[in-house]
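A.B. asks: For reference, the chains in residue letters:
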Amino acid sequence: MWTLLARRILQAIPVLIGISLITFVLIYYLPADPARMYAGPSATVDTVARIRHELGLDQPFWVQYTRYIGRVLQGDWGFSYRKQIAVTELILSRVPYTLALILGGIFVELAIGLPVGIASAVARGRWADRVGMFVALIGVSAPPFWLGLLLLYWFGYLIPIFPLGGAGSPVHLVLPALTAGLGGAAWYARMMRSSMLDILATDYVRTARAKGRAYFAAVLRHALPNALNPIITMAGMDIPWFIGGVVLVERVFNWPGLGRLAVEAIETVDVPLILGTVIFTSLMVVFSGILIDVVQGLVDPRIRYGQH
Amino acid sequence: MNKRVLFSLLVILATVLAACRGGAQPTAAPTEGGEATGPQKGGEMIIAYKDDLATLDPAIGYDWTNWPAIKLVFDGLLDYDEGTTIMPRLAESLPSVSADGLTYTFKLRQGVKFTNGREFAADDVVYTITRVLDPKTGSPGAGFFVGIQGAQEFMDGTATSVEGVKALDANTVQFTLASPDVTFLNKMALNFAFIVPKEEVEKEGENFGHKPTGTGPYMLKEWKSGEFLAFERNPNYFFEGRPYIDKITIQVGVAPDVALLRLEKGEIQIMGDPPPGADWARITADPAWKDRIEIEATVNTTYIAINVTAPPFDNVQVRQALNHAIDKQRIVQLLNGRATVANQVLPPLMPGYDASYTGYDYNPDKATELLKEAGFADGFETSIECIAVDPQPKLCESFQQDLAKVGIKLTINTLAAPNVIDDAGNGRTPLVWSGGLAWTQDYPDPDDFYAPILGCDSNVPGGWNWSRYCNEAVHAKSVELLAMTDRSARLEAYKPLFKALMDDAVWVPVINGQYTVAHSEKLHGQPTLTHPEHLFSYETMWMSP
Amino acid sequence: MDITQLDPHRRRVADLSPEGASPGAIAPGEVSYFGLIWRRLRRDRTAMLGGMLVALISLAALFAPALAPHDPSEQFRDGLTPDGQPMPSTLLTDGGARFPLGTDANGRDLLSRILYGAQVSLIVGVLANTLAVTLGTLIGSVAGFFGDPLETLLMRFTDVMMAFPTLLLAMALVAILKPNLWIIILVIGVVYWTWIARVVYGQVLALRERDFVTATRALGAGRLFILVRHILPQLVPTIIVWGTLGIATNVMLEASLSYLGIGVQPPTPSWGGMIQQGQSYYRTAPWMVIFPGLAIMLTVFAFNLLGDGLRDALDPTQRGTL
Chain W
1 MWTLLARRIL QAIPVLIGIS LITFVLIYYL PADPARMYAG PSATVDTVAR
51 IRHELGLDQP FWVQYTRYIG RVLQGDWGFS YRKQIAVTEL ILSRVPYTLA
101 LILGGIFVEL AIGLPVGIAS AVARGRWADR VGMFVALIGV SAPPFWLGLL
151 LLYWFGYLIP IFPLGGAGSP VHLVLPALTA GLGGAAWYAR MMRSSMLDIL
201 ATDYVRTARA KGRAYFAAVL RHALPNALNP IITMAGMDIP WFIGGVVLVE
251 RVFNWPGLGR LAVEAIETVD VPLILGTVIF TSLMVVFSGI LIDVVQGLVD
301 PRIRYGQH
Chain Z
1 MNKRVLFSLL VILATVLAAC RGGAQPTAAP TEGGEATGPQ KGGEMIIAYK
51 DDLATLDPAI GYDWTNWPAI KLVFDGLLDY DEGTTIMPRL AESLPSVSAD
101 GLTYTFKLRQ GVKFTNGREF AADDVVYTIT RVLDPKTGSP GAGFFVGIQG
151 AQEFMDGTAT SVEGVKALDA NTVQFTLASP DVTFLNKMAL NFAFIVPKEE
201 VEKEGENFGH KPTGTGPYML KEWKSGEFLA FERNPNYFFE GRPYIDKITI
251 QVGVAPDVAL LRLEKGEIQI MGDPPPGADW ARITADPAWK DRIEIEATVN
301 TTYIAINVTA PPFDNVQVRQ ALNHAIDKQR IVQLLNGRAT VANQVLPPLM
351 PGYDASYTGY DYNPDKATEL LKEAGFADGF ETSIECIAVD PQPKLCESFQ
401 QDLAKVGIKL TINTLAAPNV IDDAGNGRTP LVWSGGLAWT QDYPDPDDFY
451 APILGCDSNV PGGWNWSRYC NEAVHAKSVE LLAMTDRSAR LEAYKPLFKA
501 LMDDAVWVPV INGQYTVAHS EKLHGQPTLT HPEHLFSYET MWMSP
Chain S
1 MDITQLDPHR RRVADLSPEG ASPGAIAPGE VSYFGLIWRR LRRDRTAMLG
51 GMLVALISLA ALFAPALAPH DPSEQFRDGL TPDGQPMPST LLTDGGARFP
101 LGTDANGRDL LSRILYGAQV SLIVGVLANT LAVTLGTLIG SVAGFFGDPL
151 ETLLMRFTDV MMAFPTLLLA MALVAILKPN LWIIILVIGV VYWTWIARVV
201 YGQVLALRER DFVTATRALG AGRLFILVRH ILPQLVPTII VWGTLGIATN
251 VMLEASLSYL GIGVQPPTPS WGGMIQQGQS YYRTAPWMVI FPGLAIMLTV
301 FAFNLLGDGL RDALDPTQRG TL
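Protein chains in written order, with the numbering used here: chain W, 1 to 308; chain Z, 1 to 545; chain S, 1 to 322.
Hints are computed from structural coordinates only; laboratory data are not their basis. Treat the hints with care, as some may be off.
To be verified - Computed Cβ-Cβ distance ranges for the label pairs, DEER-style:
| # | chain 1 | residue 1 | chain 2 | residue 2 | range |
| --- | --- | --- | --- | --- | --- |
| 1 | S | 298 | W | 74 | 36 to 42 Å |
| 2 | W | 71 | S | 33 | 55 to 61 Å |
| 3 | S | 39 | W | 124 | 22 to 28 Å |
| 4 | S | 153 | W | 60 | 22 to 28 Å |
| 5 | S | 148 | W | 96 | 40 to 46 Å |
| 6 | W | 61 | S | 153 | 44 to 50 Å |
| 7 | W | 69 | Z | 169 | 55 to 61 Å |
| 8 | Z | 207 | W | 71 | 16 to 22 Å |
| 9 | S | 62 | W | 25 | 36 to 42 Å |
Where is the CB? At the ideal position from N, CA and C, for every residue including glycine.
Working from the sequences, and respecting the hints, build out all of it.
C.D. replies: Below is the structure:
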């Protein structure tokens, strides 16, 4: 298992290098005057000149890049002149909120998606199946920011159960998590349904069904983890999209997380902050990918021992 | 309409009363006609803004959010009472002025301490003013103090200090001007002249704006970037009885519609930004809101600044065409009637306003005609910058349609406030909509609407002369007028000066804004929460239980 | 389970209906490939619904100038209440059809803006997706067919691109490049191709091992020839399916960018941008948010239905999971 972990981490390194390279190229090479963009509007000409020297913008590309990577590895991700605070400090202060939202969203996705999927599979063709899949339909096609606004309107304003945005207590998390998770819930529901249908179609389960309810239920409980396997794989590939969705949700609900930070950074053209958030969120994607692979390895021995 | 007139009367009344009181002793001024629940100390107040505070450094902060906040932490030699009369603050009394109007001598108040424990002295004043003038600081307010003797030499680098600012002894400071300036005291009451302690500035360096130390009524306890700033009462504040409220928190990143809802729920006590148009009809119709809205006719003109160096706007006919093309009535409608149409640079409440001037009327046909005469029969493409806070983008879209009607294709660039200010200040955009940014009076004198925003001295990179305009003749006249002591003659003389600016169509003055503030009924001002110079008068606000 | 066939981000809507895709029964005499596909598609009611919706939306976009009651950028004096609030549908207030869906914060007719907004959504959706599919197919097939070192290089590159959170990358790119229609199409295409590349890669890998390839090689055919002449045609079903389903995702991406304020700029109407303007009005003028949102939902839904139906018709063995 540790070899799996080590292998995956090693595989991730070129990806990380690639991410940093591309981001670096984008941020430092596209704008007209990177130093001025970096320093921001209130900086004096002296500050800009100093930054230009610090960043080594007169140096060849590779020198600049390696210096940047060196700083990043040492924990210096730059200084946001707009907000007058180190980028790392800013990001770290927002990470807990985004993590809470991600976990909340995943919880909603699984807590709603999986049972609905299973129920639909078991009740195939009947009323529960239809309703379940219809609701899934909505979740799938509706833009998350629109859903969020509607939820805010119905359950925050018309029927004031939930607070209208912001963070501060677990209650604040409900609507944002719902919004973040509903789209995915729909998808997990149908994935689970398909997966379950496959399992229900297998001989041993069909025989179990014939043998009576109790036996059927027992066998099903053993069969269920198999259905989860493809889901875990898919979840891994969903992460880049999920984080994007989180950005939108944070905007709707004024949730003080990384997504909102990224939006602010882009609105104010705060170059060091843009760089920092993009790299950090990409790191999150990469490491969650590794995490998912490890989880799969734990669940499926074939993967663990490298037969994949 | 009624409320505005009423308020203007109140402001005038208050000013008259203050003048009559004419004392130099700052004491707590409880509201007349003492109710059982008069002003009392205590309580915590939260105000919410959308845009983050850029800095609390008094030499640098110059926007809507940080202007009143800076006054929480710092004081100046002079200040205003609840109106527009100048009162001594860190100075013991109003300065004595020499007969030729060139020398001002301030006796400083004794026993005032910075929040780091050190006592305030004359050297601090010298340091503060020098720092503002120092090009390395990059202060947008430097232009206000160039009239001081030796200031220009210092800024050019030919002198190492400012000759005209001297500490005569530990408690006396003397200013010598190069030429008389009747607005000098007003300038000394600006935030830029708020006193900063040298050792703290040097210790914090660039971070001073985020870790400020001053003599003010409050101290900054915590600043969580992008979320809030927490201020607590300065226990050793020299001004007896002030401040009232114990803790003030400024929340940032809160959009106006969310702020309004938080206000309704009692989570905050006052909105920093005006309530959104979407809710305006609702709250004005609701009787529960009667005591919760303060409407102030600000001394403000909101305008489209035209960069006269950017073609095709270097052609005066094109600029005039722009003036005829804008439908200002619709802007008033889009603002729910919370504004009036402006036809000139000065707002109606500014002394020197020309009530007989009619300006450019809304006439798209005339605009097209002028464009044709100027050689742009087929129109042209250009762009405007607006801030992203509601309702400014909406207003810019209205301009877009107006210009489309006369053949001009307008691209709108919405950005955050600091970005617009920076671009405009460096002439990177042909047009700028000043909504949400400028220009409200710094002090009640017409020169405040010329020198900082249309004068030759402010036509520098980073300056607020967004029109990049310099008319030497007008400039010379303005310097002349600054020395004039006959107030009524002087005010009359400004009329042709501003008319010349309008003939040159350097702006499209669109509206004179109103400042509408939504607040909790528990929050009271003395007499109002807003203030003509400070925007919000935090230190006189008090909360009823 | 063929993992490389995974396309998790887009949802298989057709499979949400209890019936699922009905396996096509072949009528006697019908043996042409496309005839077969069409027959299967026709039997799939949900796919047909999707197709009709797509056609409807496309027609609405195409004929927007004729269908829209007003100029979408025209700001009407009577489009706002006297104190500047947007107006609800005139059908409800006075029975007239002046503003059938109401107006927005600038007094512009909502229905007209929604119709014209369809143009933006479809143009961006189709063009960006075309770019993405082209890029993805190119990269995926080259990587899958030519083996190392190209394979590792291209697939590592794909991995890197996939590690960026999609929306965030699009946002950063647009912010730096300044938003206009073409930049947005470019950015969305550049951000989206990776999924297609993965799928194509997997398929090409599998195809590469097939007998017919070995045989053709034995006969002396060049690799490029085999790739273009024999492998690519096998990818057509995938390309068709992704070409349709991808439009749904790209429409959603465009709406998201507009919602964040970095999509197409005013006065061009965009559904996402309309929701952004309506955000502060959702309590007092909810129609500003509801109708554009419905438009987005319907469009995404339609392309999803159609795409799923196409996939069922093109390869009915792929019923559910993958």
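A.B. asks: Which earlier hints can't be squared with this structure?
C.D. replies: 1, 6
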